[in-house]
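S.K.: These are the residues of each chain, in order.
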Amino acid sequence: MRFMMLMIPKGYESAKPGTLPGPRAIAAMMKYNESLQKAGVLLSGEGLHPPSMGARVSFAGGKPKVTDGPFAEAKEVLGGYWMIQVKSREEAIEWAKRCPGSENEVIEIRQVQELSDFDAVTLPPRLAAREQELRDKLEKKGER
Amino acid sequence: MGISATHGAIDAVWRIESAKIVAGLARMTRDVGLAEELAQEALLAALEKWPESGVPDNPGAWLMAAAKNRALDHFRHHKLVEAKHEEIGRETEEGFTPDFDAFEDDIGDDLLRLIFTACHPVLSTEARAALTLRLLGGLTTDEIARAFLVPEPTVAQRVVRAKRTLAEAHVPFEVPRGDELAARLSSVLEVIYLVFNEGYSATAGEDWTRPALCEDALRLGRILAELAPAEPEVHGLLALMEIQASRLRARTGTAGEPILLMDQDRSRWDHLLVRRGLGALERAETLCAEAGGALGPYTLQAAIAACHARARTPGETDWKRIVALYDGLAQLAPSPVVELNRAVAVAMAYGPQEGLALVDAIAAEPALRGYHLLPSVRADFLLKLGRLDEARGEFERAASLTRNSREIRLLLDRAAALHPGLRVVK
Chain A
1 MRFMMLMIPK
11 GYESAKPGTL
21 PGPRAIAAMM
31 KYNESLQKAG
41 VLLSGEGLHP
51 PSMGARVSFA
61 GGKPKVTDGP
71 FAEAKEVLGG
81 YWMIQVKSRE
91 EAIEWAKRCP
101 GSENEVIEIR
111 QVQELSDFDA
121 VTLPPRLAAR
131 EQELRDKLEK
141 KGER
Chain E
1 MGISATHGAI
11 DAVWRIESAK
21 IVAGLARMTR
31 DVGLAEELAQ
41 EALLAALEKW
51 PESGVPDNPG
61 AWLMAAAKNR
71 ALDHFRHHKL
81 VEAKHEEIGR
91 ETEEGFTPDF
101 DAFEDDIGDD
111 LLRLIFTACH
121 PVLSTEARAA
131 LTLRLLGGLT
141 TDEIARAFLV
151 PEPTVAQRVV
161 RAKRTLAEAH
171 VPFEVPRGDE
181 LAARLSSVLE
191 VIYLVFNEGY
201 SATAGEDWTR
211 PALCEDALRL
221 GRILAELAPA
231 EPEVHGLLAL
241 MEIQASRLRA
251 RTGTAGEPIL
261 LMDQDRSRWD
271 HLLVRRGLGA
281 LERAETLCAE
291 AGGALGPYTL
301 QAAIAACHAR
311 ARTPGETDWK
321 RIVALYDGLA
331 QLAPSPVVEL
341 NRAVAVAMAY
351 GPQEGLALVD
361 AIAAEPALRG
371 YHLLPSVRAD
381 FLLKLGRLDE
391 ARGEFERAAS
401 LTRNSREIRL
411 LLDRAAALHP
421 GLRVVK
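Protein chains in written order, with my numbering: chain A, 1 to 144; chain E, 1 to 426.
Honestly, I wouldn't trust all of these hints.
Stated by the list, open to error - Straight-line alpha carbon distances no greater than 16 Å define the calculated EDC-like cross-link-like pairs of lysine to aspartate or glutamate that follow:
1. 31(A) x 226(E)
2. 75(A) x 46(A)
3. 38(A) x 226(E)
4. 10(A) x 103(A)
5. 97(A) x 226(E)
6. 97(A) x 11(E)
7. 38(A) x 109(E)
8. 10(A) x 76(A)
Hint data in this document are derived by calculation from the structure and do not stem from the laboratory.
All chains, please: the whole structure from these sequences, using the hints.
M.R.: Shown next, in the form of structure tokens:
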């Protein structure tokens, strides 16, 4: 199963554009990333520029509305993420505990939804039937 | 933390730490079997202590220290019992004052030694797979048994016997060098790919795939790529597994039925894994080019898989390149199965008649007797050539040769669709 480890650094919501972690923090994170990589659990991971360089698109009233960052109302923002493949939620937690996080940082662990989470029951019958129809068509195409 | 929560945490710590602990102990004791027993004892100690004391801050170090203490006890006892064998005693003592600082640095080497030992050719393939999953993957015998659909005692016995065989054969705990390395490495790769394949296209049972086993193999492959980054075939195998695994969720329909490559919804492929696979393939190809060598069999297979991965629709598949890659593979690792796959590529590139001629040329191979994909491939060619009755017979024959119930159903469905009474509808 896959988990996202979401890094939430307090204070990042108001960080200036172009803010980057210091060399010591970078070195510590690189070492941590290496340990994930060596253990064969790291699938991908990225750091994110602060919200002051981003934008938000909201959909109030069904219409997209763009707001440039920073976002005054945001209390927690993402600083980066890791995608890991592990055997259990506990293993994901164990890996998160090993992160050299600083006082202001929080890691949120969230499981990635897999196809098996959406079994036939959750698909509306009409959609399921449509999918079957498409599949049959494809199959016929393959046989011709 | 409740007991079950603590057990969950211990399980997780074990998954992460056990290979390193066993590897470190094996270097000290020069005995993989003993190392595993000592590591298990440390695990038992954790299971006793941690529910009360809580999980320690550095659980890996705790387990390692506990295991080392047990190793010390073991050897003190051993020394007393065998006081006469002073030489052995001294040797043990020497090998037994490990430099704790060096330990962390060496752990990669120890893990590599452990992989080579668990995959030693002196063991049967089944034993190698079981031992590798147990020692490197941290799986319990019960998990391994469920993965391979065999009774738990069978796996337990396989592991015990494998450890005994290693001890009796005095297999040294080391990374092979020189000429031996290539052969031993291919034994390691073979085991990892065997585990992957058992998950990817289960040879028996109700499920067409067992993704958890694929994930175990991928994890081993990724670890190995970090441990032996200079070996092109290690990256080649990893690329092959990443790309094949990217199709896992597109490979099974909602009712659990298999969906063949050309019929898969490519938007359901896992593009993160595709990207990782193509990256690993590039590393393998670069290493080969630097060494001035030809692509190895896993890299060639990965390159073939990459041709499919790069095609956004089945129609975009570069079949001519696939044929060329199969030519290379057939030269390097000639086998009837490779010839069969090559025939499929030839049929796609140059027409079913060409493919059929190739298949008929190898049909008498003893190695393909009982191999269900032979009649299944023949059936496909015959179908495309409009020889429907012959095609139906071949689908039925293929169905009678496989043990996977999902696959049987798929083949029988295809045969039934060619029944004379139904053809008008088609």
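S.K.: Please go over all the hints and tell whether each is borne out by the structure.
M.R.: Cross-check of the supplied hints:
Between the alpha carbons of residue 31(A) and residue 226(E) the distance comes to roughly 14 Å, so the proposed pair stays at or under 16 Å and holds. For the suggested pair residue 75(A) and residue 46(A), the alpha carbons sit about 21 Å apart, so the restraint of at most 16 Å is broken. A C-alpha spacing of about 6 Å is found between residue 38(A) and residue 226(E), which places the hinted pair at or below 16 Å, so the restraint holds. For a cut-off of 16 Å, the pair hint linking residue 10(A) to residue 103(A) stands: about 9 Å separates their Cα positions.
Proximity of residue 97(A) to residue 226(E) is assessed by CA-CA distance (about 22 Å); at most 16 Å being required, the pair is judged violated. With a C-alpha separation of about 15 Å, the suggested pair residue 97(A) and residue 11(E) falls inside the 16 Å cut-off, and the hint holds. Distance hint between residue 38(A) and residue 109(E) is fulfilled; the C-alpha atoms sit about 12 Å from each other, no more than 16 Å. Of the pairs offered as hints, the one joining residue 10(A) and residue 76(A) holds, with about 7 Å between alpha carbons and a cut-off of 16 Å not exceeded.
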